[in-house]
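Enquirer: Listed below, chain by chain, are the residues.
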Amino acid sequence: MTVPTRAVIEEILGDLKKVGGITASAVVTRDGLLVAADVIGEVDAETFAAMTATMTGAAETAMSEIQAGSPDRVIVEGGTAKIISVGAGPKALLVVLAISDTPLGLVLLKIGDATRKISKILE
Amino acid sequence: MAIEKLKANLIKQMLEKGVLDLKKVLEVEAKKGRIAIKGERMLLTSSLGFANLHGSVEKITGKAAPAIIRTYGASCGKRDFTGVWKAWLPDIKVETVLLLFPAIYSTVGWGKVIDVSLKNDEGRVIFRNCFEAEAVLKTYGKRESPQCHFITGYLGVLFSEVTGRDWQVSEINCEAKGDQYCEFSFKAR
Amino acid sequence: MVSRLSTGIRILDDLLDGGIEKGSSVLLTANPFVDATPILQEWLYSRLLQGDKGLYFVNNRPPDIIMKEMESYGWPVAPYRDRNALVFIDAYSGILELKSKEAFFVENPVDSQQINETMLKAIKEMANGDVNLFFDSLNTLIDQCGTGVLDDVKDWSKFSIARDVTSIYAFTEWGYPHEITAAMEKIFDSVIELKALRRIVASEALTVSKIKRTKVKDKRIFPFRYIKPGGLRLYIPKILVTGPYNAGKTTVVHSLSTRAVSVQRMGTTVALDFGHVDHKGFSLDLFGTIGQPRFDPILDQLGGEALGVMLVVDSTKPEELPRAMEMMRKARVHGLPYVVLANKQDLSGAVSSEELRKKMHVPDEIPIIEIIATEKKNVTKALDALLEKFMGEK
Chain A
16 MTVPTRAVIE EILGDLKKVG GITASAVVTR DGLLVAADVI GEVDAETFAA
66 MTATMTGAAE TAMSEIQAGS PDRVIVEGGT AKIISVGAGP KALLVVLAIS
116 DTPLGLVLLK IGDATRKISK ILE
Chain B
5 MAIEKLKANL IKQMLEKGVL DLKKVLEVEA KKGRIAIKGE RMLLTSSLGF
55 ANLHGSVEKI TGKAAPAIIR TYGASCGKRD FTGVWKAWLP DIKVETVLLL
105 FPAIYSTVGW GKVIDVSLKN DEGRVIFRNC FEAEAVLKTY GKRESPQCHF
155 ITGYLGVLFS EVTGRDWQVS EINCEAKGDQ YCEFSFKAR
Chain C
1118 MVSRLSTGIR ILDDLLDGGI EKGSSVLLTA NPFVDATPIL QEWLYSRLLQ
1168 GDKGLYFVNN RPPDIIMKEM ESYGWPVAPY RDRNALVFID AYSGILELKS
1218 KEAFFVENPV DSQQINETML KAIKEMANGD VNLFFDSLNT LIDQCGTGVL
1268 DDVKDWSKFS IARDVTSIYA FTEWGYPHEI TAAMEKIFDS VIELKALRRI
1318 VASEALTVSK IKRTKVKDKR IFPFRYIKPG GLRLYIPKIL VTGPYNAGKT
1368 TVVHSLSTRA VSVQRMGTTV ALDFGHVDHK GFSLDLFGTI GQPRFDPILD
1418 QLGGEALGVM LVVDSTKPEE LPRAMEMMRK ARVHGLPYVV LANKQDLSGA
1468 VSSEELRKKM HVPDEIPIIE IIATEKKNVT KALDALLEKF MGEK
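Chains as they are written, first to last, in the working numbering: chain A, 16 to 138; chain B, 5 to 193; chain C, 1118 to 1511.
Be careful, since some hints might not be right.
As the list claims (entries may be wrong) - Covered stretches of chain A (in silico footprint by chain B; criterion: 3 or more residues with CB under 8 Å from a CB of chain B, positions within the stretch not fixed):
{"#": "1", "segment": "42-51"}
{"#": "2", "segment": "69-78"}
Said to hold, decoys possible - Calculated Cβ distances over 12 Å to all of chain C for the following chain A residues:
{"#": "3", "residue": "T38"}
{"#": "4", "residue": "E61"}
{"#": "5", "residue": "Q82"}
{"#": "6", "residue": "I90"}
{"#": "7", "residue": "T95"}
{"#": "8", "residue": "K106"}
Simulated from the structure, these hints should not be mistaken for laboratory data.
All C-beta atoms in this analysis are idealised placements derived from N, C-alpha and C, irrespective of residue type, glycine included.
Taking the hints into account, I'd like the entire structure generated from these sequences.
Expert: Laid out in structure tokens, this is it:
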């Protein structure tokens, strides 16, 4: 991946952070490699990439096992934070961290915009 | 010339210590049901087991399987660095490791190492008859992308520990994909 | 869902399934004999009218000339420029070592790094509201900066996706080597091709060969020309209106045309009927032939340049049908799309279209339309049928 691709994706991630409630985001490959991230210090982005890819991959196989098609998104809700993982093309995922009680309407809309652009850029 | 002499000495030492000759170092304790090399317990299992690893992980986590297998490879690489390499060569030097690497990994059955090099910010390792690729190929047939995730994770951590630098490894040619050999490309981060 | 932006040119919108997706990169590629810029400019004007911003990169003439070109087509863009809705990236003045008054200026247009920096700066600065980038032209860029510049173009397209900038690049195919055309294939989502049709004198044609990264199967090709004022008009140079003596050809031509001329003596046409009609985005010339036998050689001449034929027959005179088929042959228009107009349906003894089909042995795929030319009844329907045949067969 060339530098401009990462730079462009980082710009898109930067825009996402302006949405109320979103604290960090990353684009990872579905097989667990980090493409670009906008995360705050403590998180080891590379490990996080492997974990979120696995979380999403397992969600897909689980849905497939019950013959329910493929997931539109994977949302993990916890005490202080939410993790939202959405496909960004056949090879990548957009993973967004949000504050726990963030209403998801606008967030999902912005995520949809972002994944559409990221998917085109990675084509 | 000095390097050639060093190389010759090392190889002589390896031969004398029997590292290259498995038959000399393999300790079979039939009564205990235990096999070891120089005290270190070993297990004989079919290399095809690696295909089972791939398959099981993929069954549960789908496309993210490489991430898990790489992580497993990385942790094995770390253990081999501290438990084997550092234990054998306390004064570990990159050149030494590069010199011994082909012999050692060929001996333990990973495959035939054709090339290993690490220079400036780039490097590569090339295997023929790579065990991981062969296991996947024999069990699942030809795949579309490189399959040696265990080795990828392993090599990344091993060389990062040896050199003290952070290396990013990716497999760019793979026998499981139909290529002539498995080639791992190293880029310094 | 992604919004599709209209190009403002009806035929292009049709071919592009409604328009261009916001953020796409479009290649407008032209044969060396065809000018692509009027399309670029008509598109720009239409987007400005919609409230979008326009960013115009030019490296082959001064921005003021572009303003004049647009005015000459009847697209008054000065007010948009005045309020910075239309902004130029001037990569031309630098070649003449002149200073520029434009918002974005490349001092040394053969320095690809400067061009790259200015382009990225412009894309980033303009991105409030929807921006459409028009690039005039890509081949000049390659000629001046070398083929490596295509990597920069690729980067611009990525930044454009991120910032919702829709880009259209004009390119003239001066026989560039395969590596260049192959590299361009990878950058552009959609491709509009402008060709020079050899069969018709001085006519250009357009087609869309790629939409959203997929090649278009069964490309449809449309001849067009530019008119001032107005811009792009689809063009079928000549429709031949032919048929036996007194079948009603002149009446048909007059009933269809917005303006028509006939030279008649004693109630019959002695030279050609000539008419012109603008219909459904097409700009058409109608030529009515003479019905009498001694003018047959003229038919041969005209037939060679016609693109479609309306064969008018008098439905009350079936005995003239052989003559009608003979005229068709004589005009050498077999192989051209044609329709049959069964005229004078109001008179007694008029034969139906099914009857005519049997008597004239007209193939099933040729439409026969019953008309009353004097009442203008169904004449436009017949023209539509011919246009449909024309579009389908091309």
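Enquirer: Each of the hints needs a verdict: does it hold here or not?
Expert: A quick look at each hint next to the structure:
| no. | hint | result |
| --- | --- | --- |
| 1 | 42-51 | holds (count 4) |
| 2 | 69-78 | holds (count 7) |
| 3 | T38 | holds (21 Å) |
| 4 | E61 | holds (23 Å) |
| 5 | Q82 | holds (28 Å) |
| 6 | I90 | holds (22 Å) |
| 7 | T95 | holds (30 Å) |
| 8 | K106 | holds (15 Å) |
The structure meets every hint from the earlier list without exception.
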